[in-house]
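K.L.:
Residues per chain, in single letters:
There are 2 protein chains.
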Amino acid sequence: MAEYRFSKKMAELKPSAIREIFKSLGQPGSIAFSAGNPAPESFPAEFISRAAADILANQPVLALQYSITEGYMPLREAVAARLRERFATGKDGDMVLIVSGGQQGIELTAKVMCDEGDTVIAEEPSFIGALNAFRSLGLNIAGVPMEDDGMNIEALERELKSNPRAKIIYTIPTFHNPCGITTTLGKRRAVYELARRYGAIIIEDNPYGELRFSGDEVPTIKSLDTEGIVVYCGSFSKILSPGMRVGFVCAPEQIAQKIVVAKQVEDVHTNIFFQLIAHKFMTEFDIDGHIENIRKLYKHKCGLMLDAMASELPGDFKWTKPEGGLFVWCTLPERLDVNKFVKDAAAEKVFVVPGDAFRCDLSKTINAVRLNYSTPSEEEIERGIEILGQIAKNKK
Amino acid sequence: MAEYRFSKKMAELKPSAIREIFKSLGQPGSIAFSAGNPAPESFPAEFISRAAADILANQPVLALQYSITEGYMPLREAVAARLRERFATGKDGDMVLIVSGGQQGIELTAKVMCDEGDTVIAEEPSFIGALNAFRSLGLNIAGVPMEDDGMNIEALERELKSNPRAKIIYTIPTFHNPCGITTTLGKRRAVYELARRYGAIIIEDNPYGELRFSGDEVPTIKSLDTEGIVVYCGSFSKILSPGMRVGFVCAPEQIAQKIVVAKQVEDVHTNIFFQLIAHKFMTEFDIDGHIENIRKLYKHKCGLMLDAMASELPGDFKWTKPEGGLFVWCTLPERLDVNKFVKDAAAEKVFVVPGDAFRCDLSKTINAVRLNYSTPSEEEIERGIEILGQIAKNKK
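Line by line, the protein sequences are chains E and D.
For any residue, its number in my numbering is found by taking its place in the first sequence, counting from 1, and adding 2.
For any residue, its number in my numbering is found by taking its place in the second sequence, counting from 1, and adding 2.
Since the hints were derived computationally from the structure, they do not count as laboratory data.
As the structure is a computational prediction, the values presented were derived from the model and not from experiment.
Hints may contain errors.
One side of the interface only, derived from the structure: several residues of chain E facing chain D at Cβ under 8 Å [said to hold, decoys possible]: (1) 60; (2) 62; (3) 102; (4) 216; (5) 276.
Backbone N, C-alpha and C define an ideal beta-carbon position, used for all residues, glycine too.
Pulled out of the complex, with its shape left as it was, chain E reads as follows (with noise of 0.2 Å):
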């Protein structure tokens, strides 16, 4: 048989050590804290039935054609209409593209601007997804300390002036996966202002931006952009369903102009279907009022983590305590080893995802954890966590 010779960027890369703790995950009583998915009673899955009938019915052709790397044009502006409504995003000489995710977006975004051997600056911990993306593209990350109210924008000036290869910042301001901390004005327009003047372009990941649920709105990063160096990265993932795969780019004209030629050699273009059922959930729906209940959802369930978390947890453990978004970040004490406490709750079924999984410096040790609230119901919930706190107070 032959022997493979593969690509560097992707001989590196291996797939989620975490795998392996996760394999009893979905036996029947195990508690997953560990996923990043919607609340499933979350999906409107019969507005989705409805206009599923009425697009097969109405436009067939349109809808099972090959379709334009673009997308879908009335979704675009749809979402553009939005972004600049909701969140005074996007501006003349911005364009709004559809991609497969919002994933595919900071992918992209990556391949167009960076070189092999270029340099990506990333929040410390961070979204394994975009750490691995830029991995497979054969990019340097450098990571800068999380803070409670954003990155540590001493040490992001440190990063770019050492680093002149230094394309990229991305960032995760609103609801920061794994963290649930959301980036302060203040910061925010630091890092802006940072990323003009030493030449770098921003990746604005936010696709929990619609899930605040406490606090007030803080503006985003894009809002902020007058020189045309933010791309915008949002989903209709976490609002209508990950499934789908549609999620949207909102970027300067000629970075977005290069990422659809980049985008048409990966997948031609976006599931039209979903994309005009995107649209139909933009325009026919009560997407606000949707929106609302999730809100209310996500409230309701992250106030039982954090309540059964403070009457639980010993008072060593520490833990941020998020306005929006899917999760809180655990900070355990230096008394216990995070990979031996994840294996104890894996045992126990009870399923978190160690700080190593999101760590930039992959020599280095995160000694938390993160927690889901979206996709456990209330009783697990409690359940889980009291199973972690007897873990924590070693009596498991």
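Since the structure of chain E is provided, determine the placement of chain D on it from the hints.
P.N.:
Leaving out everything else, chain D in the frame of chain E:
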């Protein structure tokens, strides 16, 4: 405003120049021989509508939630079974994955096997989408002339010998795009043997394999693959619907595992709803009867086009006689300039793709055009060829 520094590989990749010529495509009265689209009348819209309603009523969470990168297991199994039973393709040690169209299978395979600066050997001319995917990865493309029975084997060996960085041979052996030619079994064996000897991987792109309407089946190259060096890319685009973006790859397991990692960072997974639809199409629908109807339709349309060409085009034109697929390749006499011919045709609202769109070597001109017979109506085929004939005879 910012000045952008794009990645080298993307800076060089331009959107197709044909776009300009095709601006008026879609105007009333225009005749498109330029598409690669399946016949819209072949879409089983009613079946899809019933299947969609059933899925959304009975499995809404499965259809709308995140799914796994490898693809929906029952669909993978159904595809593997059909490949094995119908084409003797796929062995122990191979793995079937679901991808977002055949295009993604090609791009991902190149990504996992090749570093920037490596070489892909392709038929000259070849499918633009694949060639641009290779270019977007910073790969060099070496073209091997296409002959009436497949690529020139001596030229292929010369390229393999002179290119130690030739990692992939990309071929469309069945109903070639753009040539409509089917590579003989003898040449398939020769290509496989050379790949084996020189340590290259073969990408066998077979989107049209189900669409034979005359002549005898020729075994796939993948069916000859005892060493695990062939990645076979297939698609539902030409037998079900291209807009849904569901394709598949049958690859040696080690390569397949790398493709999964690479796919995860591009789009997480292929939209799961249409994986469920494709599965129902394979298991609950008369797929063979449906494909037989498409074959009959294309045999008829292709015959119409070939007859019209025989009666309308001057004696110094030459063209291929496809046994399946979507395309006829028409070589112009030296007295005519292909780019002027294409422009003159567009001025008469008949759209054909100039040979240059399919070049490996961007410095050469290919004095031929690709004609598609699946998209236009019978009347359009006859009228369009008549107009091309008039232009060829300098009567327009």
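K.L.:
In ascending order, which of the hints set out earlier in this document are inconsistent with the structure?
P.N.:
1, 4
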